[in-house]
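Residue numbers (our numbering), protein chains in the order written: chain P, 1 to 139; chain R, 1 to 139.
Hints listed in this document are in silico derivations from the structure and should not be mistaken for laboratory results. Among these hints, one or two may not hold up.
When chains are identical, the list treats them as one kind, so a pair holds in a single copy or across two.
Listed below are the simulated SDA-like cross-link pairs for lysine to any residue, each with C-alpha atoms no more than 25 Å apart in a straight line [claimed, not checked]: (1) Lys136 x Ser24; (2) Lys134 x Thr118; (3) Lys113 x Gly83; (4) Lys136 x Gln90; (5) Lys41 x Leu85; (6) Lys41 x Asp109; (7) Lys134 x Tyr119; (8) Lys113 x Gln125.
None of the values given here were measured: they were computed from a predicted structure.
Protein chains: 2
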Amino acid sequence: MNSNFTIAVHSLVYLAYLPGHMASSEAIAHNVATNPARIRKVMSMLRNSGFVKTKEGIRGGYMLGEDPEKITLGHVYEVISRGELRPTWQTGDPEQGCPVSSNTQGIMDYIFKEAEDTYASFLYQFTVASVLQKIKAGV
Amino acid sequence: MNSNFTIAVHSLVYLAYLPGHMASSEAIAHNVATNPARIRKVMSMLRNSGFVKTKEGIRGGYMLGEDPEKITLGHVYEVISRGELRPTWQTGDPEQGCPVSSNTQGIMDYIFKEAEDTYASFLYQFTVASVLQKIKAGV
DNA sequence: TTAAACTGTACAAAATAAGATTACAGTATG
DNA sequence: CATACTGTAATCTTATTTTGTACAGTTTAA
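Start from the sequences and build out the full structure, keeping to the hints where you can.
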């Protein structure tokens, strides 16, 4: 898994921290400690799902597209990182006669998919607002 | 996450498929489609946890150290991959005054840890025996 | 109508992680 | 004591992740 999910959550929390304010990719990048191009790429994905509104041109930037109480980390995860939790390396050899060699990958695919469902479900209990609250509480 | 968990499960299932039989790292590597040194590294971890018994020297190799019904994928995951599910990249900057920049990483650490607990718990429902059964059933 | 401050996107470079390969000391077996 | 194995480390190669650069397109305002 790459860190786009972390960056998405951090950026959304930052926007929730500055309500009604347009933040540029440069400002967000500085807060997140990465580069503006990467922020813009992640924000593009979030915009396609309605989590943020973007505006081009002078005085443009990003702001939340929904109430921070309504944006769950589970939903953000689905949009940004679904499918990236499992390793891409493939075990065994489909051409081998031994069923252990040829069929284990298929079972692992199933197990990884179900396990990721569990993982994503867990994340639905958190929202951008609840994360911001924890941050303010200094937990 | 690297693929050591997949390799561990595949190797254990292979050993369960050949009960009472010593398999060499070369034979396992051929079945898994990787190299013997990698198999030996993973098997070392499994041996430290009692999942397999190893024997050096001529006619040596590996065999299961427990009943395949008793080896759960959750336990194997804990031993092989615990802690590797989350990204290593760190968001924000602890030196910045803004609490969003300095505290988001801490919250993400907590969320990733809890989410991984959920992930590992899910895996406890599977055993080496149940995976082998699925393979034999051709699912 | 044009300069400035932005996003959107693509591509290349650098850094890091994962996997394969090689090597060799140590250990049983016959 | 030769052989067939494990245990482990070092190194090489490849894949992935992250960063950096560039530039076309969009909006604002003088």
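A quick look at each hint next to the structure:
In the homo-oligomer, the alpha carbons of Lys136 and Ser24 lie at most 25 Å apart inside one protomer (23 Å), although the nearest pairing across protomers, at 56 Å, exceeds that limit. Taking CA atoms no more than 25 Å apart as the test, Lys134 paired with Thr118 passes in both settings, with 23 Å inside one copy and 21 Å between copies. When the C-alpha separation of Lys113 and Gly83 is checked against a cutoff of 25 Å, the pair qualifies both within a copy, at 8 Å, and between copies, at 19 Å. In this homomeric assembly, Lys136 and Gln90 come within 25 Å of each other (Cα to Cα) only across copies, at 19 Å, whereas the closest approach inside a single copy is 43 Å.
Taking CA atoms no more than 25 Å apart as the test, Lys41 paired with Leu85 passes in both settings, with 20 Å inside one copy and 23 Å between copies. Proximity of Lys41 to Asp109 under the C-alpha cut-off of 25 Å is restricted to the inter-copy arrangement: shortest distance 23 Å between copies versus 29 Å within a copy. Taking the shortest alpha-carbon separations for Lys134 and Tyr119, both the intra-copy value of 21 Å and the inter-copy value of 23 Å come in at or below 25 Å. Both within a single protomer and between protomers do Lys113 and Gln125 lie at most 25 Å apart by alpha-carbon distance, with minima of 20 Å and 14 Å respectively.
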